[in-house]
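Sequences listed follow chains F and P, in order.
Positions 1 to 401 (our numbering) are the ones given, in order, by the first sequence.
Positions 402 to 596 (our numbering) are the ones given, in order, by the second sequence.
In short, the hints are calculated from the structure, not lab data.
Possibly wrong hints are sitting among the right ones.
[Claimed, not checked] From the structure, some residues in chain F lie toward chain P, with a derived Cβ separation under 8 Å:
hint, residue
1, Thr41
2, Ala44
3, Asn45
4, Trp318
[Claimed, not checked] Cβ-to-Cβ under 10 Å is the rule here; a few derived chain P residues that face chain F:
hint, residue
5, Thr434
6, Val436
7, Asp438
8, Asn440
9, Glu441
10, Glu459
11, Asn460
12, Pro461
13, Arg463
14, Met465
15, His468
16, Ser471
17, Ile492
18, Tyr503
19, Asp518
It should be emphasised that the depicted structure is a prediction, and the values quoted were computed from it without experimental measurement.
Backbone N, C-alpha and C fix where the C-beta goes; we use that ideal spot for every residue, glycine too.
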Amino acid sequence: MSLVPITAGFLPLLDSVLLVVAREKGFASAEGLDLRLVRETSWANIRDRSALGHFDVAHMLAPMPIAASLGLTPLATQMIAPMTFGLGGNGITVSAGLWQAMQAAGAPGDLDPAPAGAALKNVVGNATRRLRFGVVHQTSSHNYELRYWLAASGIRPDEDVEIIVLPPPLLPDALGSGGIDGYCVGEPWNSVGVATSGARLVTVKAAIWRSSPDKVLGMRADWAQANAGSVAALLKALHAAALWCSDPANHAEIASLLCQPHYLGLSPELILPALTGRFDIGEGTEQIVPDFYIPQASAATFPWKSHALWYYTQMVRWGQVEHTSVNAATAAACFRPDIYSAALANLALPQLDYKVEGGLTEPTSVPATSGTLTLAPDGFFDGKPFDPDAIDTYIATQQSR
Amino acid sequence: MPPDLSILIIDENRIRASIIEDGLREAGHERVTVVHDVNEAARTIATTAPDVIVIDLENPQRDMLEHFFSLSRAVQRPIAMFVDRSDGGMIEKAVEAGVSAYVVDGLRKERVKPILDMAISRFNAFARLTRELEEARSELEDRKIIDKAKGILMKTRGLSEDEAYQLMRTTAMNQNRRIIDIAQSLITAAGLLDP
Chain F
1 MSLVPITAGF LPLLDSVLLV VAREKGFASA EGLDLRLVRE TSWANIRDRS ALGHFDVAHM
61 LAPMPIAASL GLTPLATQMI APMTFGLGGN GITVSAGLWQ AMQAAGAPGD LDPAPAGAAL
121 KNVVGNATRR LRFGVVHQTS SHNYELRYWL AASGIRPDED VEIIVLPPPL LPDALGSGGI
181 DGYCVGEPWN SVGVATSGAR LVTVKAAIWR SSPDKVLGMR ADWAQANAGS VAALLKALHA
241 AALWCSDPAN HAEIASLLCQ PHYLGLSPEL ILPALTGRFD IGEGTEQIVP DFYIPQASAA
301 TFPWKSHALW YYTQMVRWGQ VEHTSVNAAT AAACFRPDIY SAALANLALP QLDYKVEGGL
361 TEPTSVPATS GTLTLAPDGF FDGKPFDPDA IDTYIATQQS R
Chain P
402 MPPDLSILII DENRIRASII EDGLREAGHE RVTVVHDVNE AARTIATTAP DVIVIDLENP
462 QRDMLEHFFS LSRAVQRPIA MFVDRSDGGM IEKAVEAGVS AYVVDGLRKE RVKPILDMAI
522 SRFNAFARLT RELEEARSEL EDRKIIDKAK GILMKTRGLS EDEAYQLMRT TAMNQNRRII
582 DIAQSLITAA GLLDP
């Protein structure tokens, strides 16, 4: 039987790993797919080439399909995400100079976002110039999480500091040359900054918004509809890849797969921390972050509609889109747990498509489609829950501040 | 006549940028600005208020450029890629050529299309030129290698230039290899055998 070709665009980031492993370890071909991977240079290219059909599917920033469906970006096309590429995966890194100032202002250096944010507020208040932070795209999880952390720490992202956009591989150099003072990016580009620019990892996504998605499997809604069989096969292949990646015995092999020049092109030592959770956060200080990147456990690849809605609330918060019930419905419709659940029906899956972010404070066993399922703690570091049923109140509260 | 459109070209490749600039000027566009670095683009957008921005697709800083649009007062009017989203063929052609373009919303399609057509054809011409140059360069390299191998055969076997070439050609045909590969192995072997 000949394999069905599927072309997938990706950026050189750790969480492209599910696509790489699905291809390299034969999970895609086992499902009858010839998964072809094309590395891209910018998120804009991923977006445009996905919209034009050069790519059938792509490794996308979680908010990208939402922004496209809301018409916020060029070539706006209805996009969907029937799967996420795991939970966590990014961090916030600052220059050696900024870290010194933060430390003097009381930052404990343990990746806890609250005291690090308080120290940063102190530094920002006394700074002689506006500090500048880099993110990878306007409609990126990184932009929204950095802004959330700043705002919850009392720093106004558009007034007190400056946020600019740079592609992931250019961020460490920009930090090293003093062009920016910090950045929020997916691994391995935090570890690269620490290794090459003397930078310091100050906090991680897994601490700012626990159990949250960074990237998704994105595709055009019409393509998904016309190729439902291939989509289901791809979800099965990616699920098998996620399961394989979650076994620590495979970490070394994953690193050696990803380090190849046509994937990440970086040494395995820089790729491993995100997999093992064992980080050099600066000057050789080791810190363990067990939940830094979760590829499979805790329904990690399940596309919760509440996650799509949270990203939508942040687009509203920062003035990218107006809040209407139609827009909110469009955003929620981008994440497709129905497609996910149909393709992976034999697994124990969540029974609901929405959950309250901040509803779980400890690992909790919840009823699943068959048996039970354990979900890891979720929610935001400042303790403010997001209830998708009370989205109007959530948006109003954030805008009044 | 509506006023001449302001066009900004962002291309790290200086030669390609000047080829496009020339084309636009020949077509009668006076207000053409070229920058080679996206960082410069921010300032240029503010001073020239471009109606059309052309950037090469391989530029990793397209994300940054789009961010500038959202900040810039000059281009605060919404910017869309291409005039008409429905014109899929045009967009397809542009992306294949490696061109990305941003156009201020509200411009009439007939005014922008010739500019994009020009950019696309010049991008394609440049790609063809680069490919031909590359081919010519490797042909020249090949000829040098074959000449050197011929010299070795003439010296060690006492053959004429023609005979040396014929010998390599026959060997290549018999072994189903390219003559350049035979020549290369000959040079390598001679190097190993040299005292």
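How the hints compare with the structure:
| no. | hint | result |
| --- | --- | --- |
| 1 | Thr41 | holds, 4 Å |
| 2 | Ala44 | holds, 4 Å |
| 3 | Asn45 | holds, 6 Å |
| 4 | Trp318 | violated, 10 Å |
| 5 | Thr434 | violated, 21 Å |
| 6 | Val436 | violated, 17 Å |
| 7 | Asp438 | violated, 12 Å |
| 8 | Asn440 | holds, 9 Å |
| 9 | Glu441 | violated, 14 Å |
| 10 | Glu459 | holds, 6 Å |
| 11 | Asn460 | holds, 7 Å |
| 12 | Pro461 | holds, 4 Å |
| 13 | Arg463 | holds, 4 Å |
| 14 | Met465 | holds, 5 Å |
| 15 | His468 | holds, 4 Å |
| 16 | Ser471 | holds, 6 Å |
| 17 | Ile492 | holds, 6 Å |
| 18 | Tyr503 | holds, 7 Å |
| 19 | Asp518 | violated, 18 Å |
Of the numbered hints stated above, those contradicted by the structure are hints 4, 5, 6, 7, 9, 19, listed in ascending order.
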